[in-house]
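Visitor: Residues per chain, in single letters:
Protein chains: 4
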Amino acid sequence: MPGVPPTRFAFLGPEGTFAEAALRSLPAFSGASEDAGQALPCVSDVLDAVRRGEADAGLVPLENSVEGSVAATLDELATGEPLVIVREIFLPVTLPLLVRAGTAVEDVRTFATHPHAYAQVRQQLASILPGVEVIATASTAAAAEGVAKGRYDAAVASPIAAARYRLTVVRDDVADHHGAVTRFVLVSQPAPPPPRTGHDKTSLAAFIDDDHTGALLEVLTEFAIRGISLTRIESRPTKERLGVYFFSLDCEGHLADERVGEALTALRRLCADLRFLGSYPRADGRTPKSVPDKASDASFSDAAAWMIRLREGRL
Amino acid sequence: MPGVPPTRFAFLGPEGTFAEAALRSLPAFSGASEDAGQALPCVSDVLDAVRRGEADAGLVPLENSVEGSVAATLDELATGEPLVIVREIFLPVTLPLLVRAGTAVEDVRTFATHPHAYAQVRQQLASILPGVEVIATASTAAAAEGVAKGRYDAAVASPIAAARYRLTVVRDDVADHHGAVTRFVLVSQPAPPPPRTGHDKTSLAAFIDDDHTGALLEVLTEFAIRGISLTRIESRPTKERLGVYFFSLDCEGHLADERVGEALTALRRLCADLRFLGSYPRADGRTPKSVPDKASDASFSDAAAWMIRLREGRL
Amino acid sequence: MPGVPPTRFAFLGPEGTFAEAALRSLPAFSGASEDAGQALPCVSDVLDAVRRGEADAGLVPLENSVEGSVAATLDELATGEPLVIVREIFLPVTLPLLVRAGTAVEDVRTFATHPHAYAQVRQQLASILPGVEVIATASTAAAAEGVAKGRYDAAVASPIAAARYRLTVVRDDVADHHGAVTRFVLVSQPAPPPPRTGHDKTSLAAFIDDDHTGALLEVLTEFAIRGISLTRIESRPTKERLGVYFFSLDCEGHLADERVGEALTALRRLCADLRFLGSYPRADGRTPKSVPDKASDASFSDAAAWMIRLREGRL
Amino acid sequence: MPGVPPTRFAFLGPEGTFAEAALRSLPAFSGASEDAGQALPCVSDVLDAVRRGEADAGLVPLENSVEGSVAATLDELATGEPLVIVREIFLPVTLPLLVRAGTAVEDVRTFATHPHAYAQVRQQLASILPGVEVIATASTAAAAEGVAKGRYDAAVASPIAAARYRLTVVRDDVADHHGAVTRFVLVSQPAPPPPRTGHDKTSLAAFIDDDHTGALLEVLTEFAIRGISLTRIESRPTKERLGVYFFSLDCEGHLADERVGEALTALRRLCADLRFLGSYPRADGRTPKSVPDKASDASFSDAAAWMIRLREGRL
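Chains as they are written, first to last, in the numbering used here: chain A, 3 to 317; chain B, 3 to 317; chain C, 3 to 317; chain D, 3 to 317.
Source of the hints: derived by calculation from the structure; they are not laboratory data.
Just so you know, not all the hints are guaranteed correct.
If chains are identical, the list can't say which one is meant, so a pair holds when it fits in one copy or spans any two.
As the list claims (entries may be wrong) - Dumping the calculated EDC-like pairs for lysine to aspartate or glutamate here, alpha-carbon to alpha-carbon at most 16 Å:
(1) K296 - D211
(2) K291 - D175
(3) K291 - E83
(4) K296 - D50
(5) K291 - E108
(6) K296 - D47
(7) K151 - D275
(8) K291 - D58
(9) K296 - E220
(10) K291 - D178
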């Protein structure tokens, strides 16, 4: 990502999904062609396109998505051919209720959307469209397309799908809980991370030989003693090796920060395996924890200089 | 659950999915009627049916499912009206390749399945059906139904769907990684947990006021010092309260174990909120960590008796 | 101790030492006879007098003493027949320079004191009495007596010794560092501790099977997670059992505090042995750490009540 | 110490004490003159002689001594002008019962020794010399000298004192607990430590701003996570700064060990002050904990090399 922005993107399709909306929110994308990039049917396809060099970067959902699968992304990044996250994108999730032009709410008999999206609008829908027939589709975009083609009367899909299929928005957002966001990550082939900004995040997969609490405590301790906050953690079984777990986690800070570098170096010793998944500017709009003085780069270099003197006998 | 088994079940539908297969694996189900219970379109619907008393128990996927949503289950159990898990069921996931009777593999032009299932068979499929057109459906059952109705040539779906739609199994399991399982949980209205078996699990949602590492360390420490192993942990943002996180976690042991009771009591003090989600026999086929002598019930009662004597001045 | 104060004391002699001064500072002592109690030659003698019932309480130095031995007290209390500390007394240590009436500083040729006291006045002495001959005595009282009898020209001893031997104070305090205090403890036979005051200390001896860092971390963790501060810790080898260590420690709080009771109960399980050495009002003049809300008695009882409800199935 | 051994020693006198015996046990001493070095009256005198260059090395007791003061040594090394420990010496403590030639045990009426030594022989003495008059002396050597001069009938002192004062040994060892040892340390002016032997110890003074348990947990954690065992720990108030504590501690390993170097560097950041007091071959005859693979030098360098590659973008 640093320097020349990638121009060929792969993303989790089909077109008109939230993934495309997230992609279009990228500055690097503003000057790009109309073509949003290559829409691919599953996370693995997107990542493989990047691995094979068919795309310069791939956009996949990581968390809380209404479309895709967190687990697929986590597992692929942790165990597939190495890739790195170079950017995160938070897309506010609005779930507009869409109909064909001319359809009145009273006339809606059938409603379609993806089951994940349905779970998020269930209460609102029961009050707006009581007794409607609910049809599950493979994606929200498929639901929108189905409305456009007259198969269903109404759908919940992304605003971008509304535009693409020229549907009418009867309610801007029928989500039961407003303020939901989906976190996407942009991944590329292994490369030095983008420069640190002072508000960065680092993603890791830490493999341990067993799922015992002590091992996780050890992992967390390496962060805590260096004043590094975790922003996400999840235990995941590995597919290939029975009894081996990994922790997928994000922490505050950048690979270039002394505290982060030292914590990762320690984890490298302690874990069965440790995979670095990228350092990138945080985009979640949250204020990072302030770094304690004792965990600043200056504090680390002072202590390192002291140790050099000590080993030379200069107390 | 203990005593009289529930007879009315709700499960994540449609019929013919892995959820129905999991339900049918229950002993309590063996004597039940042909009707597998009520198939409902989303996790919230299943749980609400139990909450309203329309079902005695509900079966929902919790982990690693190819059909449903982990997050939906975790979040609903953690923040919705209280329910408790009374049983866990691990269903081996085999992904048979299905066609209509008489279709040869060479003649397959279109293939349908749910995107999650597709992600798990991608490599095998590329070698068995190179160049096939892939169509995403809302569920694996929908894909099977589509094959039965002639909309697609082949599908990957559950064995139970194969039987239901009278499809031919051309490959028993086209999963790229064999041995995958989906974990379902059976939930009921709040009640004392089933008796402890010595091989139990306990599920919790621990809310903390902030996502700092220190708080998570505190939570884990309460388990570690009492010799309790965690088997799953996941951080989750809360929907309603900005900056409040919860940890969804499973640990070894039963609410009736002294070490578990004391750990939960401590967490109750430390956490902004702690929700008990059930103790139930573990069914994951893994050998639990042996409980150290110092964490046995006997050790706890000896120490408690000692403290009583001490406070009476009998050293 | 609570209720009727002891009237027969044993203390570390000889008479005129700091131990007698500490004893005289006790309120219980104000109405007692002129006789300060029985002066005994070593810590073990004092403690044995209490054990045999020859004295109701014994006063021995525990820390930072200029006369006695911390180790002897620590070891005897940890491994001898059980006794409990019922009070602590901090005696400001002033080290007056004493001569016989009529002796001028210029005429002092020989100076006597106990080696520990000498170590504390060395720099001052070199400036006040340059080139003086230094003689070590078995106690500061013996030095004072020696001056009285004409064996030495000057001594450093306790103010009480000055009075007893009718010596002249030429300098009020020749300590190189002012503000030193000696901590004495008053011990009795096992009994319920004095009532809690809200500003209490508890003393313990925690035996572990090996001197590994992990064991000590475990011990400290039990305090830290309950918001209990340690005020002193010291590792000690045991005399009888090779490779068994004990930690002699003092913490804030009282046996009657829920957090202290629970911490001790936990240590009882974890340690090879745990000996309670008493809870008593702290007298060190330091402001105790404020107890966090989560560690208050109310917080503990709320959580315990919650657990009872939980086990009855009332979520 | 490495290279040319020191030839001028200072030790805690007077002559004939256990300190002289410890000094004579040094290989470096075997070829030295008859003169054991300069006997000085207190720990500070010994250390100052080294600081001023009047002695090349000083021998002082650190632990469990029957003669000297642990606290004085700990405090002086922690807060005085910097010195380093270059060797530790463990001297088995035997406490022979000494009389003048020709004195029968039945004729002993008066007995003298230092109070610390008395505490260690009290029970034996009561059975061998029931009803004897006990006189405290300033050192065990003074007691031996007193017997030689006819002031007392019997004494307990070091075997070296027996030889020096030509006394008769009536009992080889009257210690109530056999196997006691005194630990002495040999200190020199600041210099690189002696080469590591694989069985080394490192001594430190770690200053923290407050005596809270959390701070001590932090300090211990830095050792524990790197597989370093502590062999001694003691909290000490500082003389000069109210409310500032230091922990005097010994750990396994050598400054040249990666794990020790990194732990000390971390403590340097975390502590208000950290003073290195020397790395030296351990002489306590105990088997050190085996260093876990993850804490070996090789493991540390592998991880450091990995971090360098990572920061260059080579995953």
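Visitor: Next, verify each hint and record whether it holds.
Guide: Do the hints match the structure? See the list:
Within a single copy, K296 and D211 get their C-alpha atoms only as close as 32 Å, which misses the 16 Å cut-off; across copies the closest is 13 Å, which meets it. In this assembly of identical chains, K291 and D175 lie within 16 Å of each other by CA distance neither inside one copy nor across copies; the values are 32 Å within and 48 Å between. When the C-alpha separation of K291 and E83 is checked against a cutoff of 16 Å, the pair qualifies neither within a copy, at 33 Å, nor between copies, at 33 Å. In this assembly of identical chains, the alpha carbons of K296 and D50 never lie at most 16 Å apart, being 42 Å within a copy and 34 Å across copies at closest.
Neither within a single protomer nor between protomers do K291 and E108 lie at most 16 Å apart by alpha-carbon distance, with minima of 50 Å and 59 Å respectively. In this homomeric assembly, K296 and D47 never come within 16 Å of each other (Cα to Cα): the closest approach is 44 Å inside a single copy and 37 Å across copies. For the homomeric pair K151 and D275, neither the shortest alpha-carbon distance inside one copy (50 Å) nor that between copies (48 Å) is at most 16 Å. Proximity of K291 to D58 under the C-alpha cut-off of 16 Å is found in neither arrangement, the shortest distances being 33 Å within a copy and 46 Å between copies.
In the homo-oligomer, the alpha carbons of K296 and E220 lie at most 16 Å apart only across protomers (13 Å), although the nearest pairing inside one protomer, at 20 Å, exceeds that limit. Taking CA atoms no more than 16 Å apart as the test, K291 paired with D178 passes in neither setting, with 30 Å inside one copy and 42 Å between copies.
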